[in-house]
Each structure stands twice: as C-alpha cells, then as structure tokens.
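There are 2 protein chains.
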Amino acid sequence: MRVLITGGGGFIGQKLARAIAAEGVVAGQAVSGLTLVDIAAPEAPEAGFPVTTLACDIADPGAVNAVFEEKFDAIFHLAAVVSGAAERDFDLGMRVNLFGTLTLMEAARAQGNCPLFVYASSCAAHGGEAPETVRDDTPANPQTSYGAQKVACEYLVTDYSRRGFLDGRSLRLPSVTIRPGKPNAAASSFMSSIFREPLQGEAANCPVGEDFVIWHSAPRTVVRNILHAAALPAEAWGTNRALNLNGRSDTVGEMIAAMTRVAGPEAAARITWTREPEIEGILEGWRAKVDSARGRALGFETDESFEDSVRWFIEDDMARA
Amino acid sequence: MRVLITGGGGFIGQKLARAIAAEGVVAGQAVSGLTLVDIAAPEAPEAGFPVTTLACDIADPGAVNAVFEEKFDAIFHLAAVVSGAAERDFDLGMRVNLFGTLTLMEAARAQGNCPLFVYASSCAAHGGEAPETVRDDTPANPQTSYGAQKVACEYLVTDYSRRGFLDGRSLRLPSVTIRPGKPNAAASSFMSSIFREPLQGEAANCPVGEDFVIWHSAPRTVVRNILHAAALPAEAWGTNRALNLNGRSDTVGEMIAAMTRVAGPEAAARITWTREPEIEGILEGWRAKVDSARGRALGFETDESFEDSVRWFIEDDMARA
Chain A
1 MRVLITGGGG
11 FIGQKLARAI
21 AAEGVVAGQA
31 VSGLTLVDIA
41 APEAPEAGFP
51 VTTLACDIAD
61 PGAVNAVFEE
71 KFDAIFHLAA
81 VVSGAAERDF
91 DLGMRVNLFG
101 TLTLMEAARA
111 QGNCPLFVYA
121 SSCAAHGGEA
131 PETVRDDTPA
141 NPQTSYGAQK
151 VACEYLVTDY
161 SRRGFLDGRS
171 LRLPSVTIRP
181 GKPNAAASSF
191 MSSIFREPLQ
201 GEAANCPVGE
211 DFVIWHSAPR
221 TVVRNILHAA
231 ALPAEAWGTN
241 RALNLNGRSD
251 TVGEMIAAMT
261 RVAGPEAAAR
271 ITWTREPEIE
281 GILEGWRAKV
291 DSARGRALGF
301 ETDESFEDSV
311 RWFIEDDMAR
321 A
Chain B
1 MRVLITGGGG
11 FIGQKLARAI
21 AAEGVVAGQA
31 VSGLTLVDIA
41 APEAPEAGFP
51 VTTLACDIAD
61 PGAVNAVFEE
71 KFDAIFHLAA
81 VVSGAAERDF
91 DLGMRVNLFG
101 TLTLMEAARA
111 QGNCPLFVYA
121 SSCAAHGGEA
131 PETVRDDTPA
141 NPQTSYGAQK
151 VACEYLVTDY
161 SRRGFLDGRS
171 LRLPSVTIRP
181 GKPNAAASSF
191 MSSIFREPLQ
201 GEAANCPVGE
211 DFVIWHSAPR
221 TVVRNILHAA
231 ALPAEAWGTN
241 RALNLNGRSD
251 TVGEMIAAMT
261 RVAGPEAAAR
271 ITWTREPEIE
281 GILEGWRAKV
291 DSARGRALGF
301 ETDESFEDSV
311 RWFIEDDMAR
321 A
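From first to last, the protein sequence lines stand for chains A and B. The first sequence: position 230 = 230 (the UniProt record's numbering), numbered continuously. The second sequence: position 80 = 80 (the UniProt record's numbering), numbered continuously.
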C-alpha cells in the first residue's frame, strides 16, 4: 500500500504521517511507502518504510502530475486554503480548494486503480438555512467561499466514486482543537490559540464571548477518524460519500474551565477578550451543534471531554516542542 | 437591459428568446438587446430590439470571453450536456457542465456589474439517500454525473451571489414535457417523445412501465418560471440561491390518458413498450415527487394538468412545424 498525503506539512498531515509510520498499516494493509507533499517539502517521520517528501503546489497541474509519476493506493487530501484566507482571496481559494482538488482527483483517476481518496471537508459546509442542530440529512448551505468550494468537491468526490474512478470518503471535520503551531488565517484559529498560547505562558485573544459554542474534536481523535474513514469498506458509504464527522459541542467558557482543571488557573488568566467583528461575521454563518448519528453508526470516535484534548496537547505537542 | 441566453438554440432557449422578444421586458426592465449563443448560431426571434446570434462553445474560454466583449445585465445559462450524454462521456460533461459554467460565471463576474444569472439546474440533483418525496430541505444526492455537475455549480452560484459577483438563481427544473424537436441523449427524452411523435402520426417507444411516475412541467410554464426567477428581488432568495422548481407528478399512464382526452385515441396506439435497462438504471436514481413549498411561496407557477401541456404543444409547436 503506497500512501500520499497532501497538506503533509500541516499539523493534521504531520500527525497522520506519524500515526501511519507508527502503525505501518492503512485500511488493513501494510504500508510500503509514504509520500508527503505540501507547498514546501514537509518534515518526514521516522518509519519502517521509505518516506518521500516533495514540494508541490496542488494548484499547479504540472507539479501534481509529477507527484503521480508514482502510483498510489491511498490518497489523503488535506491541502487547502483555510476559511479566512479563502474569504479574503477568492481566486486563491478557487485555485487551490476547487481546481487543485479536481486536478488531484483527475490524477488519481488516471492511475486506473480506483485508489482510496479521503478528503478533508469541513463543518463550514453548514450554515445559512441549516437549523441550529445539524443532522445527517441537513443540506449543506455554506456561508463562506471555503465551505462552498469544499461542498462542490464533496459532490464530485461522490460522483467520481460512483463511477469507480476513485474510492472517496469526505469528512466534514469539526474545528480541530487544540492545534499545535502558530495562529493561522482560519476563522477558527482562536479555537486553538486561546488554549495553546496560554498553556505555554503566552497571551492570546478570544474574539468571541465565553458563551460562544464550538463544534470541535481533538487532533488525536481526528487522525484516528481519518484512518477509520480509509478502513471502512466502500459499501458502508452507500450513495453519499460525505459525512458530518463526530465531534463535541462546548462553550468557550466550558473549554477554558476544562483547561483550568487539567493545567491550573494561570493559563486562563493569559486570555484577553477583544471582540473581532470579521471573525464573528464568518462564525455566525457556521453551526456549532451537529448530531452525527451516521458517523457514530459507522464507528467513528467521539471525544469524551475537552480535558482529554488539553492533556493530549501537553503530551503530544508541548513535549515535542 | 442587455440579455444573454446560453443554449439559445435549444428548445427552452428558443422559447425563452421568443417570450423575451414578445414581452420586451426582463426583471421589470425594458430589453435593449438580446444575444443568443449555442454550439451553432441559433435562430433569432423577431424582436423590437437588436438580436445577436453567435456560435460559442462555452467549454472554450476564448469563445466565452469573445461573447463578453459586450456587457450583459441578465444571463440565462441553459447550455448543458444532458444527462444521458454526460453519463456516457464523463469528460465532455465536466468540460461543459462544470468548467463551462465556471468560465461563464468568471466572465459575468469580470463585468463588474453583478448581473442577474439564472442557472438551469435539474431535478436530477435528487436521488440516492433522498426520501421518496423531496422537500425544500432535502439534501441533493445526485446519482448521475450530470446531476453532480449541476449541484456543484449551484453551490458556486450561491457563493458568487453572496460575494456580489453576480445575482444568481438556480432552478432545479422538472422534466420539461412536451418538448418539441427530435429525441435527444437525455435519459428523460422519452418523457416527451411518447407524446410528441404519436401526436404527429409517428411511433415512439416508452422504455418504462405505465405506472412510472414523472416529475414534469410544460415548456410554457418553465419559461414563465425562468422569467419569474429573474424578476424576484435578490432578498427573496436568502442564503440559498438553489430551488426545487414547481412541477407535477403523474404516471405515464395518466399522461397518456390526458393526451387521449385532448387529441383522441389514435396517438396512444402508436406507443411501443420495450423496456430499456440503461434508461431505467438512470431514472431509478431520480425522484418523481417534489414538494416545492418554497417555490409556491415565491410565486412560481404550477401546471394545473397535463392536458394543458398537450394543448400547448399542439398550439405552440405543432402549429410552428
């Protein structure tokens, strides 16, 4: 099993690569090689099989086709221009999130082997006409260009799968927190930074109120669920390859209290509270409560508490840094 | 008001052009010019304003940009590779239905005037996980490449509208019957030909049983509804620019009985009944019952009977031929 991860330099890509290196198995088959691509060549994990890292802009068809000189059995497509950035630069979002994904799907199709294709979509698919609690049969109505680009690709992933061009699975990821690294251009960036920075002795601003509800999942859980998505048989997905992935709803205040229970009261005192209307404008279009009955039935994991996320961040990420 | 119709040589494009020529008004404003484009230059209606007809393959960005040397205030985008053809030739469907639509939207955006953009989507958006009766909040789950391409574009039309690049309205058209002309590569082609050919003394085959239910609307009604979609204010559409358009559910048997009531028993006797599994395979993925509450609330018209459709075909199309 030859594996490709796009966005392999991102935090989920890196954690997924390390998990695959540690387990040596994807979808029940031994991994014989792993290729990580990103705008800059990503860091390679230690692994018992060859790991290749390449710089590749997925918006550049020539660069994508060069990566596909090798043949892959499983493709994890995580590369994206995130929500805030795609909102600020529409053309960049279209180039990477829509056309880049289509280029990748065409390259996967051209292999002729119907590879596994796990696509990182987003809970930003929901908003607008969606009810307060999103269910499996709630139509997507994204209120960001990022969300619209993701949903358009989900429909094409489902169609490419129906036709046997690839074996797709699209996961609408909750906000992944606590994310390691630096703040980024995602509107949800603060959902990690208000924990990550204070836990490491630094200040961070919360642009929304304490009662703001977040739909979230921990990086460890998300990586396990991405691997579970690849391991499920095609039949389990039926006629719709897109899924609202399991997550948790908690208020910012509840999440800060969980951090305090795990790591003491000093961290919370480092949070500042300046409202940011641009962020709030984007978030108003999202939904924070999702009933993922189908995800639970398919065996995806759900976080049991935000305390776990805090502990895992300390174990997995602060220890590494 | 300068108006562009793509697919202007098709039967809906021609009827829409004649309606605009007759009324001289689109969205409450006087029309000062009409451009019809299609693969071959379409026929121009008699009109009290200049009518331009051009050959333009919307899959060719250079050809589209040449059309947009003129600036349009309203664009009716009807051009498409139909369901059966897009199922047989995936790449052609993607080139025209997805990339062609995106090229057109970019050209419309580049004008800088946020033109009206009425997009002909299709009830082929529904199927798969959809319940037997489709409602306004039923998520699209197309089971053809044509449907997937249409839905992907609907999401982008909504996003382009949210951003103010154009003022989009996507109508998921029922099967339009009785359509004039020749049978085509749409899986729904028989839904017209089993009436059109027998009414004109010719045989036609029905590839499904008498109890097969069709979700349909007459060309006259569809053209009026397309013009109504353009006339509604942007606010009426809210955060979702795609709509299941009003239609009727009737069985093939009921529709044949209606034809007999209007035109006598000879026509029905000319129908042959050889089942066609390829057609049935595509149709099984569709839905034949749609509750278009939103469409009714927005003032779209609903056919009162299939007798009307038969009468209108005789008046509008047999008289013309």
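Some clues are possibly wrong.
FRET-style restraints, in silico, Cβ to Cβ [said to hold, decoys possible]:
hint: 1; chain 1: A; residue 1: Thr133; chain 2: B; residue 2: Pro277; range: 51 to 59 angstroms
hint: 2; chain 1: B; residue 1: Glu132; chain 2: A; residue 2: Arg270; range: 27 to 35 angstroms
hint: 3; chain 1: B; residue 1: Asp57; chain 2: A; residue 2: Arg270; range: 40 to 48 angstroms
hint: 4; chain 1: B; residue 1: Ala66; chain 2: A; residue 2: Gly253; range: 41 to 49 angstroms
hint: 5; chain 1: A; residue 1: Gly164; chain 2: B; residue 2: Glu132; range: 24 to 32 angstroms
Stretch-level coverage of chain B by chain A, calculated; a stretch enters the list once three of its residues show a Cβ under 8 angstroms from a Cβ in chain A [to be verified]:
hint: 6; stretch: 121-131
hint: 7; stretch: 201-209
Everything labelled a hint here was simulated from the structure, so no lab data went into it. Note that beta-carbon positions come from the ideal geometry of N, C-alpha and C, so glycine has one too.
*Structure versus earlier hints, numbers of those that do not hold, lowest first*: 1, 2, 3, 4 and 7
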